[in-house]
Amino acid sequence: MKRPVVKTADKRNWEKKYCSPDLRNADFSSISGRPLEPLYTREDLSGFDVDTELGYPGEYPYTRGIHPSMYRGKLWTMRQFAGMGTPQQSNERYKFLLAKGQTGLSVAFDNPTLYGWDSDHALSAGEVGKTGVAVDSTADMERLFREIPLDQVSTSMTINAPAAWIFAMFLANAEKQNVSFDMLRGTLQNDILKEYIAQKEWIFPPEPHLRLITDLMAFCADHVPQWNTISISGYHIREAGSTAAQELAFTLADGFAYVEHALRAGLEIDDFAPRLSFFFNSHLDFFEEIAKLRAARRIWARHMKEKYKAKDPRSWLCRFHVQTAGCSLTAQQPKINIIRTALEALAGVLGGCQSLHTNSMDEALALPSEKAVEIALRTQQVIAFESGVANVIDPLGGSYFIEKLTCELEEEAERYFQKIDELGGVVKAIEQGFFQREITRAAYEYQMALSRKKKILVGVNEFINEDEHLEIPILEIDESVERDQIRRLQELRQKRDNQAVRSRLDALKKAAAGTENLIPRLLDCARVYATLGEISAALINVFGEYQEQPFY
Amino acid sequence: MSVEPMKVIIAKPGLDGHDRGAKVVARALVEAGMEVVYLGLRQTPESIVNAALEEDADVIGLSILSGAHMTHFRRVKELMDKNGLGDRLLTGGGIIPTKDQEKLKELGIEKVFGPGDDIQAIVDYIRTWHRSRST
Chain A
1 MKRPVVKTAD KRNWEKKYCS PDLRNADFSS ISGRPLEPLY TREDLSGFDV
51 DTELGYPGEY PYTRGIHPSM YRGKLWTMRQ FAGMGTPQQS NERYKFLLAK
101 GQTGLSVAFD NPTLYGWDSD HALSAGEVGK TGVAVDSTAD MERLFREIPL
151 DQVSTSMTIN APAAWIFAMF LANAEKQNVS FDMLRGTLQN DILKEYIAQK
201 EWIFPPEPHL RLITDLMAFC ADHVPQWNTI SISGYHIREA GSTAAQELAF
251 TLADGFAYVE HALRAGLEID DFAPRLSFFF NSHLDFFEEI AKLRAARRIW
301 ARHMKEKYKA KDPRSWLCRF HVQTAGCSLT AQQPKINIIR TALEALAGVL
351 GGCQSLHTNS MDEALALPSE KAVEIALRTQ QVIAFESGVA NVIDPLGGSY
401 FIEKLTCELE EEAERYFQKI DELGGVVKAI EQGFFQREIT RAAYEYQMAL
451 SRKKKILVGV NEFINEDEHL EIPILEIDES VERDQIRRLQ ELRQKRDNQA
501 VRSRLDALKK AAAGTENLIP RLLDCARVYA TLGEISAALI NVFGEYQEQP
551 FY
Chain B
1 MSVEPMKVII AKPGLDGHDR GAKVVARALV EAGMEVVYLG LRQTPESIVN
51 AALEEDADVI GLSILSGAHM THFRRVKELM DKNGLGDRLL TGGGIIPTKD
101 QEKLKELGIE KVFGPGDDIQ AIVDYIRTWH RSRST
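Here the protein sequences come in this chain order: A and B. Residue 515 in this note's numbering sits at position 515 of the first sequence; the count goes up by one each step and never skips. Residue 115 in this note's numbering sits at position 115 of the second sequence; the count goes up by one each step and never skips.
A couple of the hints might just be wrong.
Derived pair list, reagent style DSS-like, types lysine-lysine, alpha-carbon separation capped at 25 Å [unchecked claim]:
1) LYS7(B) - LYS99(B)
2) LYS335(A) - LYS371(A)
3) LYS105(B) - LYS77(B)
4) LYS176(A) - LYS495(A)
5) LYS371(A) - LYS99(B)
6) LYS335(A) - LYS7(B)
By construction, these hints were calculated from the structure, which means they are not laboratory data.
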């Protein structure tokens, strides 16, 4: 619904005075290009119903937060995304972060792993261990989590296309550690729709991927009840250049698509919806980001309750992780990235996130060094323990500006939902390149705004240090990582029970051609050390591969 | 002095899916009057050089944010030289440390772009190269 703005004589009088002095020659729109009023007053909220649109924290529609006590009850989880090189190297980084007071783990995999390829695949050359850790089999999963108690630390894994079989390896390792599945806590990103939209790491066409996601939801509902089966992600959509409203709308639309797929497969909404979680970006535009996060909770709650008829209040909750915007970091004067990240993290907290990753200052240059990661984590600790912002719940609630912006973002998202419906749903819209084109247009407009100095980036198009020399250390991944990883993989293929591997891969193929839940079959393969690439190949044999039309 | 329109191949070799930069640059080059063929993701050095041959492209621009830039630039350059495209411009962009930029120069890749570089600088670089080649 569009709310009318009825101006009083007072506001009109003020506006005359506002217009008379000379305004700065600057662009006053948001980073997403949203036009902004110079002042927000009660007039902007005419028609806004505090009881139905705002409510109380922990109460429908959850605009003010998902818990009644929010950060007075429990601070957000400080969860730094990390992974590089070999499983042993990443294991050391995890232990370092836990020792520094981090409260959850988050695994970054390398590119071959994200595509479901083994480290010795021809196209893996040069990529092994570069942007994350290489995991080829359950043996690597064992090395990755050595001496880390999986029943005490929650683990998030950023993996999508091969998420189901990486998770199977994680479960097989938990069995080795004698941790029962119902004790495991964590999150699998497992969001394939945003891969087609933005991140571009898929294997099969959408339908078999959606089947695997629904299979995983059903399996976890029965066996791994504390696991978040999916983290529906706007982060990558935003990094690809979308506006705040596009991030919000496309992410929630993806969420609805997963819900609808699971319902069509015969699952009960309240059996799986409480384990759906979300992942948003926190960009530089402080208030717009806070409003976006508040709007996300309200929209999700309304749709889940009213459209999908969920009865369990846990199904209405939009629980989310926030990561500060990697794309806002600059290679120039990298130390200022600490300040950008602090502001973005603060917006995430004021927006009511459940967990938070703060980027390191050197991430426009390379994977973060240990020193840089420590400062990033300390930034969260300063916000949590020194700034006082965690003392009061939704402290910006009731601000004319924040409430108006929250309503505007909700309205924009609803318009996008309608458009996506007209195109035939999310999968059809992907196939027509709708999201890709919208995002590319927004990215181009932002780049042009920088080029014309309509938007300012400190150290990049203004306040430039001539003759700048890099003054921070850069992490390098040694070429020996690839050789080590390949050697271990080849040794594994020699010494495991290859007959068992073959028969279980055959059983997987047969199951894939039918309709049964594939997770138990994948777990069987992981238990006997079938490799990531072997499992992918078995499934590609049945499901085929996806090719994208390149749009720009 | 006016110069012939140029044909530019933009491609993402390797595995990373970060295509924001490639697409924004492709669009900016089109706006600047160049003909652009965007090959898309997961290209191999072979597929890129084959496309450059088929299209008779003047310029190849690679976008790599995965850390695998040394492997891919080296191979594309080798294949260009081998296939008689040694006189064409190879450039690109991504997260490429200064130290590696120096190594790329030794391979004959004079300039690559990074985060924060002005899009107009890319257009100007290609135009300047093209003018110097036409004269």
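Results for each hint:
{"no.": "1", "hint": "LYS7(B) - LYS99(B)", "in the structure": "violated (30 Å)"}
{"no.": "2", "hint": "LYS335(A) - LYS371(A)", "in the structure": "holds (12 Å)"}
{"no.": "3", "hint": "LYS105(B) - LYS77(B)", "in the structure": "holds (12 Å)"}
{"no.": "4", "hint": "LYS176(A) - LYS495(A)", "in the structure": "holds (18 Å)"}
{"no.": "5", "hint": "LYS371(A) - LYS99(B)", "in the structure": "holds (21 Å)"}
{"no.": "6", "hint": "LYS335(A) - LYS7(B)", "in the structure": "violated (39 Å)"}
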